[in-house]
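Make the full structure from the sequences, and use the hints.
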Amino acid sequence: MKKLIVVFLAICIIIVSFTIIPACVNTSKSVKSVSLTQNTISKTTIASQKTNKPQYTYDSKTRTLTISIKGEMNETPWEHIKHPEHIVLKKGVTSICDYGFGFVREGNTGKRQNYNDRIKTIRISDTVKTIGNDAFSYCKKLNKINLPKIIKSIGEKAFSNCKSLKSIKLPYSLKTIHYGTFEDCINLKTVKFNKKLKEIGESAFFNCEKLTEVNLPSSLTTIEDSAFLNCYSLEKVTMRGDLRTINDSSFMRCKKLSKVKLSRKIQEIKSWAFMSCSKLKMITIPKSVQKIEDEALGYKDEKVKIKGFTIKGYKGTAAEDYAKKNKFKFVALD
Numbered sequence: 000m001k002k003l004i005v006v007f008l009a010i011c012i013i014i015v016s017f018t019i020i021p022a023c024v025n026t027s028k029s030v031k032s033v034s035l036t037q038n039t040i041s042k043t044t045i046a047s048q049k050t051n052k053p054q055y056t057y058d059s060k061t062r063t064l065t066i067s068i069k070g071e072m073n074e075t076p077w078e079h080i081k082h083p084e085h086i087v088l089k090k091g092v093t094s095i096c097d098y099g100f101g102f103v104r105e106g107n108t109g110k111r112q113n114y115n116d117r118i119k120t121i122r123i124s125d126t127v128k129t130i131g132n133d134a135f136s137y138c139k140k141l142n143k144i145n146l147p148k149i150i151k152s153i154g155e156k157a158f159s160n161c162k163s164l165k166s167i168k169l170p171y172s173l174k175t176i177h178y179g180t181f182e183d184c185i186n187l188k189t190v191k192f193n194k195k196l197k198e199i200g201e202s203a204f205f206n207c208e209k210l211t212e213v214n215l216p217s218s219l220t221t222i223e224d225s226a227f228l229n230c231y232s233l234e235k236v237t238m239r240g241d242l243r244t245i246n247d248s249s250f251m252r253c254k255k256l257s258k259v260k261l262s263r264k265i266q267e268i269k270s271w272a273f274m275s276c277s278k279l280k281m282i283t284i285p286k287s288v289q290k291i292e293d294e295a296l297g298y299k300d301e302k303v304k305i306k307g308f309t310i311k312g313y314k315g316t317a318a319e320d321y322a323k324k325n326k327f328k329f330v331a332l333d
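Be aware that the sequence shown starts at 0, since it is given in numbering that gives the first Met the number 0, and climbs by one per residue.
Don't take each hint at face value.
To be verified - Listed next, the in silico DSS-like pairs over lysine-lysine satisfying Cα-Cα at most 27 Å (straight line):
#: 1; residue 1: K165; residue 2: K140
#: 2; residue 1: K299; residue 2: K314
#: 3; residue 1: K209; residue 2: K286
#: 4; residue 1: K89; residue 2: K168
#: 5; residue 1: K168; residue 2: K191
#: 6; residue 1: K110; residue 2: K168
#: 7; residue 1: K258; residue 2: K269
#: 8; residue 1: K165; residue 2: K235
#: 9; residue 1: K260; residue 2: K191
#: 10; residue 1: K148; residue 2: K52
#: 11; residue 1: K110; residue 2: K139
Simulated from the structure, these hints should not be mistaken for laboratory data.
What you are looking at is a predicted structure, and each value in this text was computed from that prediction instead of being measured.
Structure representation (structure tokens):
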């Protein structure tokens, strides 16, 4: 009898061992794991295992990455998918985190990884209000992006080194363009400024070599240091309304700049503001200007004057004082 029991138990053990579910099989009905390299599947949904994280859907035929989340896009997608060509942010996304689609540095070496190097277009839903620092930096093939009116903040260097970007329309609610936001966008030709803009930050358009004209809104009060430095193709600048200060090197080395219209409320032009603008032969200074710092105007280089430079202005003002001090021709308007 004991032998029969032992034999029966042995048979049961053998049967159970063949019916155990392998550990690699996912039995959950809510998550489907699919390899992104399979050619037979065009769309793949990757659901993050963490709570309150984005859901990514990748269409391998169009190379489009679609991102869905209610709230902040609080991580980069590169852990899940690399080198997409098109990005779609669905309705419900409210902000894009720092380096959201920007370059990343990996490992102890800090080497830059450009998983964004194939992105050509980005479609942002009208629920997005903020874009973080470096959010799209080094998207070198990016040539088309929409910025919804509701966006109130765009972070530092958000679009830096987007070398294929040719035009940009700033969102209606934006008040500040931060440090380096569009620096090194070497093919950026046109910028449509919004009517609520208050400040253009340091190096905001540094090295935008193809930018040809800047038509600033009347709401603007400040242009910070080097804002348009090295905009070699810039020919015309129009300032209006509330602009009070042009800071150091703001338009330095704008080699083709020949026409500048200053705001009637401007009070201060700081050092090197228009240094090395060799085609700017004449400028009209309004009565409101109280201070023009050293070599702000009329200099090709340090201590090297632009031949024939002329200042038009009013007697007894900072314009006349600057002209006399630097031995420039002065034409009185009164």
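Discussion item. Just to be careful, I want the Cα atoms of K89 and K168 compared with a cutoff of 27 Å; is the pair within it?
Written reply: 20 Å, holds
Practice prompt. Would you mind confirming whether the straight-line C-alpha gap from K165 to K140 stays at or under 27 Å?
Written response: 11 Å, holds
Discussion item. With the threshold set at 27 Å, check whether the alpha-carbon distance from K110 to K139 stays at or below it.
Written reply: Judged against 27 Å, a Cα distance of about 17 Å means the pair holds.
Worksheet item: Going straight from one Cα to the other, do K299 and K314 come out at no more than 27 Å?
Response: 26 Å, holds
Fill in: Straight-line alpha-carbon gap K148 to K52, limit 27 Å
25 Å, holds
Worksheet item: Does K191 lie within 27 Å of K168 when you go C-alpha to C-alpha?
Response: 5 Å, holds
Worksheet item: If you draw a straight line from the CA of K209 to the CA of K286, is it 27 Å or shorter?
Response: 33 Å, violated
Item to complete: For the pair we were handed, K260 and K191, check the Cα-Cα distance against 27 Å.
Response: 18 Å, holds
Worksheet item: Regarding the pair K110 and K168, is the alpha-carbon distance no greater than 27 Å?
Response: Status violated; Cα separation ~33 Å.
Worksheet item: Between K258 and K269, is the straight-line Cα distance small enough, at 27 Å or below?
Response: With a Cα-Cα distance of about 18 Å, the restraint between K258 and K269 holds, given a limit of 27 Å.
Worksheet item: K165 and K235: Cα distance at most 27 Å?
Response: 18 Å, holds
In terms of the numbered hints stated before, the structure departs from hints 3, 6, listed from lowest to highest.
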